[in-house]
Amino acid sequence: MSTEQIPALRLENIVKTFPGVRALDGVSFTVMPGEVHALMGENGAGKSTLMKVLGGIHQPNEGQIFIEEQPTVMNSPLDAKAKGVVFIHQELSLADELPVAENVYLGELPRKSFGRVDWSKLHADTDEILKRLNVGFGPKDLVGDLSIANKQMVEIARALTVDAKAVIFDEPTASLTDAEKSVLFEVIEDLKSRGVGIVYISHRMEEIFRISDRVSVLRDGQYRGTLETADTNEDEVTQLMIGRSLDLSRNVQHGELGAVALEVRNLSCGNLYQDISFQVREGEVVGFYGLVGAGRTEIAETLFGLRDPTAGTILLDGKETTIHSPIDAIGAGISLVPEDRKGQGLVLGMNCRDNMTLPQVDDMTAGPFVSDGAEVAIFDQYRDKLEIKTPGWKQLVGNLSGGNQQKIVIGKWLSMHPRVLIVDEPTRGIDVGSKSEIHKLIRELAGQGYAVIVISSEMPEVLHVSDRIIAMFHGRITRTFTSDEVTEDNLVQAISGITPEQGAA
Amino acid sequence: MADTTLKSVGGFLARQGILVAFAVFMIGFALANERFVDIDNILGVIRSSAILGVMALGVTFVVISGNLDLSVGSMMSFSTIVVLDLHDKIGPELAIPAMFGMTLALGALIGFLVGYLRLNSLIVTLGMLSAIHGLTLTYSGGKNMDIDDKQGTWFGFFGQDEVLGMPVPILIFVLLAAVLTMLLAKTPFGRKVYAVGGNGVAATFSGIPRARTVFFCYIISSFCVATAGLIQASRSLGSQNTVGQGLELEVLAAVILGGASLLGGSGTVIKTVIGVLILGFIQNGLLLIGLEFYFQYVVTWAIIILAVWLDIAVKRGHLWSPIA
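From first to last, the protein sequence lines stand for chains Z and R. Going by my numbering, the first sequence opens with residue 1, and the numbers climb by one from there. Going by my numbering, the second sequence opens with residue 1, and the numbers climb by one from there.
Think of the hints as simulated: they come from the structure by calculation, not from any bench. One or more of the hints may lead you astray.
Stated by the list, open to error - Lysine to aspartate or glutamate pairs mimicking DMTMM-like chemistry, simulated, CA-CA at most 25 Å apart:
{"no.": "1", "chain 1": "Z", "residue 1": "Lys440", "chain 2": "Z", "residue 2": "Glu387"}
{"no.": "2", "chain 1": "Z", "residue 1": "Lys165", "chain 2": "Z", "residue 2": "Glu102"}
{"no.": "3", "chain 1": "R", "residue 1": "Lys271", "chain 2": "Z", "residue 2": "Asp372"}
{"no.": "4", "chain 1": "R", "residue 1": "Lys186", "chain 2": "Z", "residue 2": "Asp362"}
{"no.": "5", "chain 1": "R", "residue 1": "Lys186", "chain 2": "Z", "residue 2": "Asp380"}
{"no.": "6", "chain 1": "Z", "residue 1": "Lys112", "chain 2": "Z", "residue 2": "Asp163"}
{"no.": "7", "chain 1": "R", "residue 1": "Lys143", "chain 2": "R", "residue 2": "Asp88"}
{"no.": "8", "chain 1": "Z", "residue 1": "Lys131", "chain 2": "Z", "residue 2": "Asp145"}
{"no.": "9", "chain 1": "Z", "residue 1": "Lys319", "chain 2": "Z", "residue 2": "Glu298"}
{"no.": "10", "chain 1": "R", "residue 1": "Lys186", "chain 2": "Z", "residue 2": "Asp372"}
{"no.": "11", "chain 1": "Z", "residue 1": "Lys140", "chain 2": "Z", "residue 2": "Glu102"}
{"no.": "12", "chain 1": "Z", "residue 1": "Lys112", "chain 2": "Z", "residue 2": "Asp127"}
{"no.": "13", "chain 1": "R", "residue 1": "Lys186", "chain 2": "Z", "residue 2": "Glu375"}
{"no.": "14", "chain 1": "Z", "residue 1": "Lys192", "chain 2": "Z", "residue 2": "Glu128"}
{"no.": "15", "chain 1": "R", "residue 1": "Lys186", "chain 2": "Z", "residue 2": "Asp127"}
{"no.": "16", "chain 1": "Z", "residue 1": "Lys112", "chain 2": "Z", "residue 2": "Asp145"}
{"no.": "17", "chain 1": "Z", "residue 1": "Lys121", "chain 2": "Z", "residue 2": "Asp163"}
{"no.": "18", "chain 1": "Z", "residue 1": "Lys192", "chain 2": "Z", "residue 2": "Glu228"}
All chains should be built: construct the whole structure from the sequences, respecting the hints.
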C-alpha cells in the first residue's frame, strides 16, 4: 500500500432537494481505505438521504460521487454494490425462508450450463466467507432460525461477495446484545485491516468512540465538520450535532409526593414475570430497569390491559381494579406510551391532530359529528404545552421527526388527564437534542402530580429521570433503589441477578 | 432528468390524477363518437352504474379498514332472488325488510369471522362468495326468479321510476353516497375505520375497538349490497340467480380506481363515486366506439392496472421500483 493513499470513497458537494426541502445542502465526505468513519447527526439531519444518494436510490441534484477518485453514478443499490459500495442495513433485508448460502448470493447465484445453479460452488464460496467471519453457522442453515446478530453476519457476508471498497453500517447495533456487539466490532476491525473504508452510522456515542477513527457531523442537511475521534469528546460531538451542549447529569430535583396512585400486589403472568409488587405515588417517577426479556414491558402491557395477569391485584387510588383491555385501562386512568412508537403508538398515515385525539374521538362530538373546533383546540393546547414542532395539525404524523412523534403520543394521553402515565422506552430512536426535552417533560409531568412509570434500557436515562428505580431480573424484582442509594455498579448487579451479598462475597 | 419531470407533473397528478385521467378519456370518447356526450347517454351510464356504485360505497368502508370483500357479487344475487321470491309470498312491504334482514345477517357473519375471530378477509369472503352462491341456488332450486304479476305491483319503483325527472336508482346512489360520506368523514366511527385500517395495532393501543369497527364495516357493506339487490330486482322484476356474478371484481376495481389503498387507511366515498363513474363511462365509451362487448373485460382491467401503476409510480417518483 502506498503512503499517498487515495480515498476509497469521496462525496463532493452533494445537494439533494425535495419539493420544499433542501435535504442535503452541499455535503462533502471522504472515507479512506482502512478507516472507520462515523457519520452522526440528529434525526432529519440528512444521514439517510445521503446514504440513499450513495446507494443510487436518489440521484443528487448537484455534486459528484467518486470511488477511488473515479467519478461514478449510482443507478441502484445493486449497481452501487457492483461498484464496491455495500450497505449493511438497519432493517435486515434477508429472505427468512432461504438458507444462508442463497441469501449471501441472492440474485447472483453461481451458474452452470443451461442456467442451472452451481450448488457446490455456492456452498464452497459461502463457506469460505463464513470462515472469514468466524461465525457459528453454516451455508445450509435457514436464515429464519438465526439470531438477529447472526442475520447481520449474513448481511456482512453478502458484502464480502464483492470486492468492497466501502461498507456502510447503518445503526448496526440497534438490536444486538453486548457480546454480539463485540463480535461485530471484531468483524469491522477485520474489514479495516483489509483496507476497506467503513462508514458507521449510529446514535450511540460510546460505540463511536470505541471503533471510529474520525467522526463527521451533519446538521440540517449541512456538513458541520469532521473530528479526529482520538482528539475529541462526547461534548464536542454533541455540540456539533445540536448546536448546544447537553446536560445528562443525575436528576436532583424531587417534587412533593402525594398519595399512592397505583399499587400492584403480587402480580404474576405465567413465566413472564412473578410476584411483582410496587407502588407509584402522585408526583413520582418510578423507573424500571432490566435487560430485554426481564419482564418490564410485559408488566406495562398487563397494566394497560393487553395481557391478563395469572395472579395478583392492581389497585388504583386504593381500590381494586380489573383491567382486561386498553379501553378498561384508559377508563381507569392508566395510559401507555408504547415502546414501538411507529408500530404501536401512531397511525403514521393520519394527521397530527387526529392521532392526538384518537382515544377520545367519541367525546369530541357536536351532535353525531366530530367537532373540528374541539379537536383543534385540544391539539393547539398540547402542541404549545409540549412544544411540538409541526407546520400544522394537518401534517401527517409520519413526516415528523422521532422526538415530535413521541410528543404527539404523550400529548394524546395527557389530553385524557390520566392518573398514571407509563412510558416504555421514552427516547428510543430519538436524537440527542429531543431526548433531553423528553426527559425534562417527564420530570415536569411528575411535578404536576402525575404518577409516572418509565421503562428504559438506557441506564443514564433511568438514573436521570427516576425518583426510585426498580431493578428486574428474569421476571422478578431484585431490588428497589431510591435515587440517593443507586449507583451504576449496584444497578448493574441488580439486573444481572447478583444479590448484594454475592456481590460482596 | 426524467425523474424530476415526472415529479413536478406528478405533484399535480398525485392530487388530481384520477380526475385528469377521467377528463382525458371523456374528451377522447367524445371526439370519437358525439353520442357519448348526449345527456341521455350520460344519465344512462350513471343509472346503469348505480347498482355497482351502491355496492362500491360499502366496500369502500371494508377496504379502508384494511380488509377485502369479495362476497358482494354473490351476496347481491342472493338479495335479488330472495326479495323477488318473497314478493309473491308475503308482499313487497314485508319482503323488503325480510331481505335486508337476511343480507345483514350474512354481513354480520363475515364481520364476526373477520373482525372478532381475526380470520383473513380474503379467505373468508372468497369462501363466502362460493357459499352464498350455493345458498342462492339452493334457495331458488336452481331456477330463475320472476314476479308473477308484473303490472300489478309498485315494486318497480326502485329500479324503473323517476322522481323529479331523476331515475330512482341514481337518487338512491346519490343519497346513500351523501349519508356514507358524512359517516366516514365526519363521525367518530369513520375516524376509527381509518385508524384501524391505517395501523390496527396503534388503534388498539389507543383504546379503539378494532373488532367492532371491522364488524360494522361489513354490516355497512351488506346493507349496501341489499340496497343494490333491491334496485336490481325492482329494475327487471325478475332475475337470473347469477345476476351479481363477477361484480365483486368490478366493485373492487372502482374502489381502487378511486384511489383507496388495498393496504387500508386511505380512500374516501367521493373518490369511490368517481372511480365508479370512470369505470362506467369507459365501458360505455368502448361500446360506442364499436369495441366488441367481451373485449371490454380486457380493456377495463388494462386501464385499472395502468391506473394503479401510475399511482404507485408518482408516489415513489420512479416508473419502476429501483429496489425490486
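Hints, one by one, checked against the model:
no. : hint                  : in the structure
1   : Z:Lys440 <-> Z:Glu387 : 12 Å, holds
2   : Z:Lys165 <-> Z:Glu102 : 23 Å, holds
3   : R:Lys271 <-> Z:Asp372 : 22 Å, holds
4   : R:Lys186 <-> Z:Asp362 : 12 Å, holds
5   : R:Lys186 <-> Z:Asp380 : 20 Å, holds
6   : Z:Lys112 <-> Z:Asp163 : 22 Å, holds
7   : R:Lys143 <-> R:Asp88  : 15 Å, holds
8   : Z:Lys131 <-> Z:Asp145 : 19 Å, holds
9   : Z:Lys319 <-> Z:Glu298 : 22 Å, holds
10  : R:Lys186 <-> Z:Asp372 : 9 Å, holds
11  : Z:Lys140 <-> Z:Glu102 : 9 Å, holds
12  : Z:Lys112 <-> Z:Asp127 : 19 Å, holds
13  : R:Lys186 <-> Z:Glu375 : 12 Å, holds
14  : Z:Lys192 <-> Z:Glu128 : 19 Å, holds
15  : R:Lys186 <-> Z:Asp127 : 60 Å, violated
16  : Z:Lys112 <-> Z:Asp145 : 29 Å, violated
17  : Z:Lys121 <-> Z:Asp163 : 18 Å, holds
18  : Z:Lys192 <-> Z:Glu228 : 17 Å, holds
Checked against the numbered hints given earlier, this structure breaks hints 15, 16; the rest are met.
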